[in-house]
Each structure stands twice: as structure tokens, then as C-alpha cells.
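Using the sequences plus the hints, can you model the full thing?
Sequences listed follow chains A, B, C, D and E, in order. Residue numbering for the first sequence follows this note's numbering, beginning at 1 and increasing consecutively. Residue numbering for the second sequence follows this note's numbering, beginning at 1 and increasing consecutively. Residue numbering for the third sequence follows this note's numbering, beginning at 1 and increasing consecutively. Residue numbering for the fourth sequence follows this note's numbering, beginning at 1 and increasing consecutively. Residue numbering for the fifth sequence follows this note's numbering, beginning at 1 and increasing consecutively.
Since the hints were derived computationally from the structure, they do not count as laboratory data. What you are looking at is a predicted structure, and each value in this text was computed from that prediction instead of being measured. One thing to keep in mind: the hints can contain errors.
Keeping only pairs whose Cα atoms sit at most 16 Å apart, straight-line, the calculated EDC-like set for lysine to aspartate or glutamate is [to be verified]:
no.	chain 1	residue 1	chain 2	residue 2
1	B	Lys-355	D	Asp-17
2	C	Lys-375	C	Asp-363
3	D	Lys-62	D	Asp-79
4	C	Lys-340	C	Glu-329
5	C	Lys-31	C	Asp-332
6	A	Lys-139	B	Asp-15
7	C	Lys-262	E	Asp-117
8	B	Lys-355	D	Asp-79
9	C	Lys-31	C	Glu-73
10	C	Lys-190	C	Glu-159
11	C	Lys-403	C	Glu-136
12	C	Lys-380	C	Glu-329
13	D	Lys-178	A	Glu-264
14	C	Lys-69	C	Glu-329
15	C	Lys-69	C	Asp-332
16	D	Lys-178	A	Asp-228
17	A	Lys-139	B	Asp-11
18	E	Lys-293	D	Glu-100
19	C	Lys-340	C	Glu-136
20	D	Lys-178	A	Asp-243
21	B	Lys-25	B	Asp-15
Listed next, the stretches of chain D that the computed footprint assigns to chain A, with coverage defined by at least 3 CB atoms under 8 Å from CB atoms of chain A [stated by the list, open to error]:
no.	stretch
22	33-45
23	147-153
24	168-177
Distance windows between CB atoms, simulated [said to hold, decoys possible]:
no.	chain 1	residue 1	chain 2	residue 2	range
25	B	Ile-350	D	Thr-67	29 to 35 Å
26	A	Glu-157	E	Lys-293	38 to 44 Å
27	B	Val-113	A	Gln-73	38 to 44 Å
28	B	Gln-43	A	Gly-167	44 to 50 Å
Each residue gets a CB set at the ideal place from its N, CA and C atoms; glycine is no exception.
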Amino acid sequence: MTTSDPAPAPEAESETAPPILDVRDLTLRFGGVTALDGVSFAVGRGELFAVIGPNGAGKTSIFNCLNGVYRPQQGTITLDGGSLVGRAPAAIAAMGVARTFQNLGLFEHLTLVENLMLGRHHLMRTGFGTGMLWWGRAKREEVRHRAAVEEIVELLELEPYRRMPAGLLPYGVAKRAELGRALAMEPSLLLLDEPVAGMNLEETEDTARYLVEVRRELGLAMILVEHDMRLVMDLADRVLALDFGVAIATGKPSEIQNHPAVIEAYLGGAR
Amino acid sequence: MPKPHRNLVRDYAQDLRLFGSPMSKLGLVLMIAAFLVLPTVVQDDFWLSVLIYAGITAVGAIGLNLLTGYCGQISLGHAFFIGAGAYVTAKAGGDFGLPFPLWLLAAAAGGAVLGGLIGPFTLRLRGHYLAIVTLGLVFLGEHLWRNLDDFTGGNSGTSVDADVAIGPVNFADLSIFGESYSRNQGWFWLVWTLVGLVALLVKNLARTRPGRALQAVRDRDQAAEVIGVRAGRYKIGAFMTSSAIASTAGALFGSYQQFVSPDEWNLLLSIQYIAVIIVGGLGTVFGSVLGALFVGALPALIDRYSDVIPGVRTSVGDSGFISVFALNQAIFGLLIVLFLVLEPRGLAGIWLRIKTYFKTWPFSY
Amino acid sequence: ACGGAGDDEGGGGGQAGNPGTTTGFDGTTIKLGVLSPLSGPVAVIGQPLTSGNQVWFDALNARGGVAGKYKVELVQEDTQYRPEVAVQQYNKVKGDVVAFTQLLGTPSTLAVLPQLRADKMLAAPASLDALWVREENLLPVGAPYQVQAINAMDHYLTEGGGTKDAKICTMVQDDVYGEAGQAGIEFAAKSYGFTVANTQRFKSGTENYAGQIGALAGAGCQLVFLTATPTDAAKIWGTAAQARFAPRWYGQSPSYTSAFAKSAIAPYLQAYVTIVAEGTEWGDDSVPGMTEMVDRKNRFAPQQEPDYYFAFGYNQARAMTAVLEKAVELGDLSRDGILKASREIGTVSFDGLMGDYEYGSADTRNPPRSSTLFKVDPAKPFGLATLKYNFSSQAAQQYQFTKANL
Amino acid sequence: MSPPVLSVNNLEVVYDDVVLVLRGLSLEVPDGAIVTLLGANGAGKTTLLRAITGLLMPHRGKITKGTIRLGEDDITGADPAVVVRHGIAQVMEGRRIFAEITVDENLRTGAYTRRGRAEVRESYARVMDLFPVLRNRRRSIAGYLSGGEQQMLAIGRALMASPELLLLDEPSLGLAPKLVEQVRDIIVEINGQGTSVLLVEQNAVMALSIAGFGYVVETGKVVQDGPAADLLADEDIREFYLGAAQHGQRRSLADVKSYRRKKRWSA
Amino acid sequence: MTTFLQNCFAGLALGSTYALVALGFVVIYKSTGVINFAQGGLLALGAYLGYTFSTNLAIAFGVAILLACASAALVGAGFERIVLRRMVGQPPFAVIMITIGLLFVLEPLITAIWGFDNLQVTNPWNIRTVEAGGIVFGVRDLWTIGLTAAVVVAFFLFFRYTSLGLAMRATAFDPEAALAQGISARRVYAVSWAIASALAALAGITMAAGPGGLTPSIGFIALAAFPAMILGGLDSPAGAVLGGIVIGLAEALTRGYQDQLFSWAGDNVSIIVPYLLMIVILLIRPYGLLGTKDVRRI
Ligand SMILES: Nc1ncnc2c1ncn2[C@@H]1O[C@H](COP(=O)(O)OP(=O)(O)OP(=O)(O)O)[C@@H](O)[C@H]1O
Ligand SMILES: Nc1ncnc2c1ncn2[C@@H]1O[C@H](COP(=O)(O)OP(=O)(O)OP(=O)(O)O)[C@@H](O)[C@H]1O
Ligand SMILES: CC(C)C[C@H](N)C(=O)O
Ligand SMILES: [Mg+2]
Ligand SMILES: [Mg+2]
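Here it is in C-alpha cells:
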């Protein structure tokens, strides 16, 4: 296999630059279920960090903690020096954390463009009053952000679907639209929860290409959760493997791929 | 020869226009023409008053649609805010004698404040639970209206003596170029101007940042939060805006009817508004207007032509078995059922189908 | 001057020539509006009342009509006893009629009043609020609710075995109609020096009255004055009977209907309930107006059951006819003409079916102050037997009428 | 030779009275076989499954032409309850578990049409063996399970019906690699016990590795079909569904160039 | 003390009626996920049917009750046949509106057939009472309480021993997925509507057989039962019963002590007390006392 790296990705473990995200000792319980058990990791600037693990290992839960949807019982999460624990999801979004959802989080009744515009919500100012009045500030703002959204539409080749309600989009397109919405947020950290699940080969390749392009152009840090090992192994700089909420291994893809505990818990024969 | 590319959009501003296509421009012109001419053609007070009430209902329904259709919060408490608007008008426009624009604003502000007080309930309650709590509002309201004698006149009700003049133009007694118009004609123009205005405002709201946020909250509030929409804030905002609009409708209702009493703001009224927005189509401004016309005009039509329907009792002692009102209600109920079975998206859905039919014509698929 | 009520054959020839056509009058037929709850819970009142209007005018038309030549036609609309519907229906028919010979319900009347004033329209309210007396645009008949209440108290304290130290209570509908009864009792309390020991208000349409009845019983009420419509009254008295609560009840006229006399609670009503109203029991031969009315009912509305409200509607029509006769005499059936005529009809007599009413300009009108007390008697046609005919208390004479301050 | 368990003949399906999605599609599932259905997103695979189980109605879809036969019986347009009683179970696209009830209760709904208590208990035990994760979460509210756990539940629920014909709509979606293998083995095992399977999968490698026969659907029509082995050998299939480049070696996803491949069998 | 007990009894009787109505709401909510606004109309229909059987046709009252419940159930099931079956999988809003439409049809139908008059249902209870310990027990009230208790027990047994309860919840949550399990949504709807209608009819007749007779406004009671249903939790039958009794007691007690304790709040506070209580409880427990909460996960 190849681990080519088109982006000038900084060495993750480089001592000089502090990581953009630092997660320490994260523990999350639901009643009797321990979803996360003292998980720690750090993500460097511009790094593509993958998290893998069996179903129910706690991958999505990490995202939910980062987003402020779940409140961990223990642990700290630091983004660019600021703590995230205890903040409201919307505040965290405004700090530059964007996300795609495992089970599609598009707003079904809004068009694709509107969904993308929503990504820019925290960058816009129009309130109820100015919105109602339209002419002037609101209109200018709409036009400006629409232009920004169009760039993403172009990047992700979503042109034919602009006006289609998100609920009617073919699955693969919907997943791409989610990526677009997350990008529209102009994040500094992008969380991707199974971006190619349910996609056919062609779409998977497309998505890989977008991710590579995004990295090259924006250089933002990403955390990728995915069961498609080709994507993880080809794209990630480092991989964290979880099992039952416990980190069982961290390292370069090639290391993880051959890690016996990971093979035992997760990969099975399908490497 | 038709110009090619008449639909070509050259920039985003153009793409965002409300009446962009030639068809919709034509529609707009037709609507304005109807608006201007109708009262001079239909001078009959009955029909004018039906249309005026329908217009007032349309205003209120647009407000409810903003809350329920766009933001997904079901409210059965709309009647409460309508009533509040009417009482504010009785005070502000009647007793204090404020001019029309001011009492209208006062009513809207009153509605917004009340909405702001009730709004926080939406943070904790969802779906039907919220609906029933807002239903409680109707009953609490009725209790208040009965007991706040100084403000509402208590059980006796209060007359609403607010004038509807903007500067020298008095809509209750219009004369233009020496031609004088009846109160109902003037009111028609007034109310439907406001319908247009409110529709435009809400449409604007819906297509800008806050409107998208509302719809996002409706579709998935958790996901909305995660992408940066403060759901709670928007729910409360929607509640406030919606009740401000409801109170505006109430203000118009009160001052048109000139008298209001506590038992008018009941659950039936709330349900009627729900009927309007569902029959019209949830989440569409135009649907609210269609719905209001339907719900307002259909009973009037049945009422007018009931004597030709066999079996209807139009006067005491004649042999019919069902009263006009009962028949009216039954037909209305049947039509609602029929409608929604055929088109659960309401009138707006039918409208859409007609449009796609003509767009795809002559190909059925 | 005692204006005839248009009842004497061929009465009232028009010297001033024929009135010109106007809204609601095409030169031959006079159209009158009727706004009444023909459906809904108060339809039990609205229907017979409207039938009373109709029978009067049918009889009049059979004799030739107003001034012997103008037929009267009614335009009926259903208000369901809902004020906003009343306003809408008013708008619907006002362009077709010269006046309204019935506008039923205190709340509805209040709601339509501003429009009546603005349109210079005359309407006869089918309710007895004291406010109507001073209202130019209304043509009330009968002694107001307040007067009924006062007379009832007078009767209780003088002949009914009550004292002013008795626990006197009220149970009133929580709306304007209820306020009227309450106001009457409070006036009586001042006049006779008693205090109202307990007041229960209820919302019309309530299904369960156990609480109110329990409270009245708990307060030890010996007399309860009830202001209600029949639907509620039936449930109230039923609940009282079930709770074995047995004070003296006086019921405002619209609280009773004939169905009660055939119901399971009839024995209870017979034992404890007195109804205060006007006129006389159905079929009372000693009152001339009654014989005539029963004849006419049999002729023009044979299917109509004996009914107190029928008589009310019949009387309303009589008052309206007096106005029409006058207007024709003055040669003007326009709205102004009708209003003017209404000021000039003087006293109208109702042949013993109701107290005579001194009309005139609104601030000088003097309504009757007399009431008749009835007891429940299933053997009677309407289930009511006269207990005390047409009496007027001292206190009732004192009652002052004021203009509505809306 | 016994008749096919399922035969779809010249099927046409229209949504909303205007959107024609299946355009005369025909296929067969022989008794005791695993048949796979490949096709790009939006080709109409899910629609076909809906048509078979009678679930078009909630989507405002209609069969306008063609027939669906289950063994000897014509079930075109039949009520879903009837179809299920004929012995069809389905893993629906998007899992569609009942989020508000427990895992156990979800499994019980799968056995709704079955009567024999002992057999149901047996099926239950088997599902628990197949997905031990579910055992620990038996009393949890299903909606709180992780995505993959929900997928297991959806498969488990279908197995509870102990069907004669199992329709699977992307069963491997969101499952960990090891579990995908397990699910594949489960399918084979079930099939071995006499259940015929119609498998819709994006994971074509997995699907073709177990199926006996495959169909490729494009815009509502079958554009290619044949024994799985033949399909596996087909150049186009290899390129578009299996991701093997002509020269055999798999490309790294990081190297995919910015070009678009638009080749389709039909326009 | 007797006053207090008397009030409690009144509350219990009222609460039983609420419980029956609320139970009807819950059954329909559990299977369709919507509030049935026609419940009051069905109640009135049941009461009038009871009147027809017992008074017009002079059938023994006990049998008349059964007949009325059965025929109301038929009406409910018929509604499914004609209308609801076409709504499987359609947006809940449309279904709610359809129940409102049904109410709009039922009301005038009832008044067209039976009129507005106060009707007297021939029955053995009426205003009869028994007295014990200074408290007057209305015979009708005693029967209402007893019948409610019996129905509630039968109800729970029924759901305990059939899989219908599970089928209902599945159907309400995701009708399409339920169909895919072979659960006939139509049957579930039909059965739940039949049960709800029969419950409504039972509530209607027991009310109509009380003092004061039967008028079309009888259906309004359903509005008063909203708080009962929601306070117990929309999808919980046990909650409906609990809520009904809590609300009944609260209403009767505020009514009883209006003069002593609540005069400052205006007359007729008892009308709004159920709603106030409901609001307070919902603020503490947003899904009512026993309701289950929405499950949302991302
Ligand atoms: N809100 C919740 N309530 C209860 N349990 C929860 C909740 N959220 C997650 N869990 C449990 O926590 C564990 C971790 O779930 P999570 O969604 O993080 O898994 P995952 O690693 O994303 O799995 P998958 O690959 O299947 O998506 C699971 O067992 C899940 O059932
Ligand atoms: N309810 C609906 N109304 C209108 N069109 C629909 C509806 N459902 C599906 N479609 C359209 O039908 C086509 C086929 O959809 P279907 O879901 O059957 O595809 P699929 O092959 O299962 O795709 P995927 O691989 O994404 O699951 C798509 O173009 C889709 O947009
Ligand atoms: C005739 C009566 C029913 C009128 C009623 N008492 C009222 O004043 O409203
Ligand atoms: Mg996950
Ligand atoms: Mg599919």
C-alpha cells in the first residue's frame, strides 16, 4: 500500500507547534454503559487524524463530546488553548468545530443551497428584524455568503442539485452535501463521521479526492471516523483505535493495520 | 418572438428575487389588479366583510405558520395572542386614542412581549406537550379577560373605537378623487395591504438567515445546534414574532368588529387557525393566504347558497333537518378530510402539483 | 298618547302618503332581520322565539300587513349565540332590511351595538338587560333582568318566607347575562338590607356542577338566585337534587324550558324552584292577549309547542309593528325614519303578555317594572303555573337605568 | 425444477404520479439462492424492494405495470402484512429500527407474524448468539445504540421472522470490517438453512463473493446479469464496482486524480 | 371534614370520567402518534347512541350501554376503513387535521339527528343517591367510578396478553417499518380507534345518565381531559388514569374551596386549575408523570 501525502502536512508529533486539539482522559458514561473510558489524544494543525474501532466503541461519542452534545463525566478538551467542556454546541461551532453526521444530519425540507447557507450561520449577522426588511444589510449579506457557498458547490460538484430539497437527494450526494455544509462553516477542525458509509466505489473515490483537495487548499485539521479501511489507511496521518471506549492503539496507519489487538477487535480477516 | 434566455440569472442578487420568473411576475400583477379592483366590483357588504375577515385570518395564519410551519412548534394558543392584540387596541387605539400605525405597533409589541414570556416553554417542551400547554394558555387567557375588568371590560366586553386613518387617509371613510367609498371597501384595501406587507416580511424572514435557522430547528434541532444555530433562541424568537403577528391580526379584528368580549378567543379560534395553515400548507406563506381564503370563504358560500340545497333548514319552522350552520360545518369537515386524504400537503401542495403538471406537460412522466 | 300596537283591524291609515322605497322596503314588502341562535346550545330559546316573531307577522300579513297594505317578511340568520358570528351575520343582512326585529343574546347585542349606532339601525333585543333601555338603536320589551331579580327578592322576603338574615346566595353565568342578574340582586340587597352570602359563577357549557353546588350547600344557602340558560340550569338543578341540596331557588326567566317538567328532576323543581318572568302561564284564558296568541299559534304554527320564549318573540314583533305603523304614518321607512318613529310610538301595550312599555326618546323611556312568578307544574302546557301575576315591588320602581358605557 | 421464490416481471413504478423510477425491470430469485442486485445510487434498488413488500404507498409510489410473483402467488400491490405472512422479511434501508422501544421489543416486532412461541425463542437465541453486543443491551432503548449496533438490530429483527425469502438493503452499511465478514457468513448460513436471499449492496466485493447470481441495475432497468463469477470477471464491473484498475493493482485513494468518470451503460 | 370528603368524592367521580376520556386519547396516540381531536365528538355520539337505545328503543340500560359502546366502536373502525387507511405514513399534521375534520362532521350530524334539546336518558341512576357517614354518594358517580376501574383493569390485561400494544407503538413510531414487520397498520388503527371510541361512548353514557340530561355540549369534557392525558404522559395508559384522577380531584377541591382559598384569583379558578397544574408538572417533568421521552441521537 502507499502512504503518499500530497498535502504538506506538518509532522504531527512535531514538538514545536502545539496541537490544535488536545483531549485528555475523556470518560463518558450512560447509566451502566461506559462509552468512553479515559481516552486521550491530540490532533496537530493540518493533521488528518482517524479514529477506528468496532461498532459501539465510542467513536461517535467522542465527536458528541467535542461538539458539546454530550457532557463527559471526566476529562478535558482543549481547542486552540480554549476549553470546550461545558460549552453549548452552538458556541463550539462558532469556535470553529464543524461536523458531518453518521446518520445524515441534513435539514430535509431545505434545499441543498440553503443547507450550505446554514453552515455559514455563525458567520452571518442578520436577525429577525433585518431579515424581515431584506433590502440593505440582509440582502448584501445573503449575496456575499451565497458567493462563498457557490465556491463549495463548485468544489464538491454539487451544481445539479442546488435547488433540490435535501431529503430527496440521493444518498451519496447527501453525504457530499453534508461535507459541503461543514466546509461552509470555515472550520479550523473538521469532524467526519463515516463520510463514505453506504457509498459506492465511485463516490468513495470522489469523496477521497475532495478530502485531499480540501486539505491541500485549506490545511485544516480533520478527525475521520470510518469503517472503510482503504480510506483510513490511504488518507490518515495517524490512527487511534478504540475498543469498548478504551484506546487500544495509536500510530501511523501501517502500524495500526498490523497491530494484533486491532486486528483481533476490529479488522478481523479483512485488512 | 420570445426572447431567449429570459430566465437567465446573472448574479446572486437576481437569483434571490421573490418574483423572478415571468410567470410569477404575471401572477403578482394579477393579484395587485384584483386587489385594487375587487372592492369596486363587489360592493356587497357581506362579501366584503367575508374577505376582510379572511384577510385578517390570513395575517394571523402567516404568524402561526411561521411558528408551526417554519419552526415546527405546534401552538394551540394562537387565539390568546389574537385576543391580547384586540384588547391592546381597545386601550391604545380606543381609550388613549393613538393613531392607527401606533396602536397597530402597540398591539404587535404587546404580542411580542407575551410571546417572549411564553416562549421559554418551548425550550423544555416538545411536540404535543407544547401544544397542550399552549392550549392551556387559551383557558388562562379567557380567565384573565374575564377578570381584568379595567383592561378588558370583563364579561361585558369592550368596544374598540380605534380609528384607521394614516394622516389624512381614513380607511373607514375613504374618498379618492371625490369618489367616496364605504367602510368595508376601505377596510378591504387596508387589510389586504397589510396581508401583503406581512406576507412579504415573513417571506423575507424565511429566506434569510433567521428563517433558515428556524427551519433547521424544525427539521433537526440537535444537528442545528451542532452547526451553530442556537435553537432555543430561535424558538423563542419564532414564538415572539408569531405572537406579534397574531396580535396584529387581533388588533385588526377588534377594530374592524368594534367590539370584543372574552369568549371569542377560544379553542375553536385556535383550531381554525391550525386548520388554515394545514389546509393551506405548512411552511408556505402563500399557503396561509390560500388557506384563510378557503376557510373564510367556503362557509360564507355555503351560507349564501344554502337555500338551494335540499334538506337545509334556513328558517324556523321549515321542514329541513339540518341547519345552515350545521351543514356548513359538516361540509367543511368533509372537505378538510377529503383534501388531506388526497393531498396531505394542503392547498399549497395542490398548487405545486398544478405547477409541475404544466411544467412537465404534455409528458406525464 | 297610547299608540295602538297595530292590532286593531285596519288600524293606522297613512295620511302622509306612501313611504318611498328604501333599503329593505321595495314599496310593497317590508323586510326585517332576525339574528338568533337557531343552532347551538341556546337554540332551544332562539327557535321558539323566532317562531313567535313569525307567527305575529303571519297574523299581521293575513290581515293585510302594516297599515293594512305592506306585508312583512323576515330574514333569519343563525348566530349560534356567538357574538362574532352575530356581527358577521348582521353585516350580511343589514343591506336587505329596514330594521331587526330580533337580536338575541346580551353578548351578541353588545357586540352589534357599535355597528347599529354607526348604521343608524334599529334592533329589538331578545334579552332583557337594563342597558338596553337607554339605547337609541334598541327597541327593548319587558322588564329588565335586574328588575326581575329585585322583584324575586321582594317576593322571597315578603311572601316567600325569607328574612333578610337568611343566607341569600346567587349562582350566575360568568358573562354579561349573569352580571345582570347579579346586579339586580345586589341592588335588592341594598334596598332590603341583606347581604349576599355566597356567589358561584360558572362557565356556560360546564358539564359538572358538583363543586358549585357543594360550595353553596357548604355556605348553608337558604335561597339561591340563578341566572342561567336552560342547558346549564338543567344540570345545575339536577346536581343539586342529587346532592340533596334543597334551598329555595329563584330562576331568571331564561333559565327554564318546558322539557324540565317532563324530566327526572321535575319533582325537585316543583318543590323548590320559582321562575321569575313576565306575562302569564300558557293558555291562561283570563288574559286576553294569551287567548289570541294561542289561537294564532294554532293557526300559523301548529307544530309549535307551548313556550315562554315564543311569547317573548311574539311581543317583540308587536313592538316592532308599532314602530313600523308609525313610520308608515310618517311616510318614511328609511333607517332615520324608523328611528324617529321609535321615539314617537309612546306606550305600547302587550295585552297582559308583558308589562306595558313607555317608549319615547331613549333617555325618557320607562320600561315595565312588573314580573310574574311561576312555579313548576308538569300538568300545565309549558310546565309553569302562575304563582303571582304581574306585580311590581317598591324597590324595582326605584331602579335607575343608565346608558351603556362601552 | 421448482419455480423461483420470487419473480419480478417487467415492473414499472411511478412516484408522485410523475417520477418514473422502475422502467420494466425483471428479475428472478431461484429457490434457495443468493441473488445480488448492484447499481449506482438512485438506480431504483430500494424502490424495487418496496414494490415487492408493498411499501410503496407511504411514499406515494405506485406499480403501474408488471407483476411480482412469490412462488405461485401473485403479490403485485398486495398489503405488506399479507406479503410478510407469505414469508418475506426485509432489512430496510436506513435501518428503521423503532428507536423508542427497547432492543428486545424491536426483536419481538420482527416475530410479529409468527405464532410458535418455542420457535420464536429459538430465533431470539440465535440472534443473540450472532450479535453478542445486543445481548448486553437487551433492555436499552434502541435509539441510543450506536449506528452499527442499530444495523445489527435491524438485521436481527429481520432474522426473527425466520423468512423464506430475505430481502437485504445494504446490510453492511456502517458495520465494522470484522462484522461485515460476520454478516456475510450469517447470510451464507441462513441461506444454507433454506432461506433465499435478495441482497442489495454497495459493497460489491462482499456481495459477489457470496451470491450465485447478480443483476446490475441502472436507472430502473437491468443492464447486465449473470452468474456472480461471470460478473466478477467482467471488466466494467471490476472497474466500477470492485475498484480494481485495469492493471490489477489497487490505486491509493489519496492519488485519485481530479477527473470524473461518467461512463454508464445507458444514458 | 365531611365537606372535604364530599369534595374528594366529587373529584374522584369527575376524575373517572376524565380517565376514560384520557385513556381514549392515549390509545390513539400510541398507535398513530397524534392527538385525536374528535374524541369529544365520539363521546357525544356514544352518549346519544346510548340515549337512542335506552330511551327510544327502551332497551335495558345495561344492554344499552354495551350496544352504544359496540356501535361507537364500529364507527371508530369504520373511520379507519374510509379515511385513515389512506393516511398510513403521511405527516402527523395531516392526520391531526383529519381528526379535527371528523369532529366538524360529527357535531352537526349529532345535532341534525338529535337536535339541541336537553334529552333525558332513561336510566336507573339519574339523581338517585345513597348516604353514608354524612356523605352523599350519587349512584351514577359510584357506577362511573366502578365501571372505570373495571375498564382499566380489562384494558391492562388486554395489553398484557396481546402483542397489540407493541404493534401500536411500532406503528406510531414508524408506520412503514412496522408494515415491513407484517404489522398491519390498518388493523392497528382500526382496533385502537374502536377501543378509543368505545371508551368515549362509555364516558359519554355515564355522563348523560347523570343529573341534568344530555345536550350536544357534552363533548366539551374532552377538552378538560387534555390536561389529564398530558399530565400523566401522552403515551401512558397508567398515566391517563393517574392524570384523570389528579385533575378531577384538583378541580373539585379548588371549586369547593374557591371562596375560602382562591377568591383572590378571580371566579371560576377551578376551570384553569387543571391547566395550571399541568403546566407546573410539565415544567418539572416535560413528558408528564409517566410518559416516555423522545429518543433523539446524533
Ligand atoms: N445517548 C446515549 N444513551 C445511551 N447510550 C449511548 C448513548 N450514546 C451512545 N451510547 C452508547 O455508547 C456506546 C458508544 O456509542 P457510539 O455511538 O460512540 O459508537 P460508535 O463507535 O460511533 O459506533 P458505530 O461505529 O457503530 O457508529 C454504544 O454502546 C452506545 O450504545
Ligand atoms: N418518495 C419518492 N418520491 C419521488 N421520488 C423518489 C422517491 N423515493 C425515491 N425516489 C427517486 O427514485 C429513484 C430511485 O430511488 P431508490 O431509493 O430506489 O434508489 P436506490 O437504487 O435504492 O439508491 P441508493 O443506492 O442510494 O439506495 C431516485 O432517483 C430517487 O430520487
Ligand atoms: C333569551 C335569552 C337566552 C337571552 C339571554 N338571557 C341573554 O341575555 O343573553
Ligand atoms: Mg458512530
Ligand atoms: Mg437504496
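Self-check item: Hints breached by this structure
Solution: Going through the list in order, the structure violates hints 2, 8, 10, 12 and respects the others.
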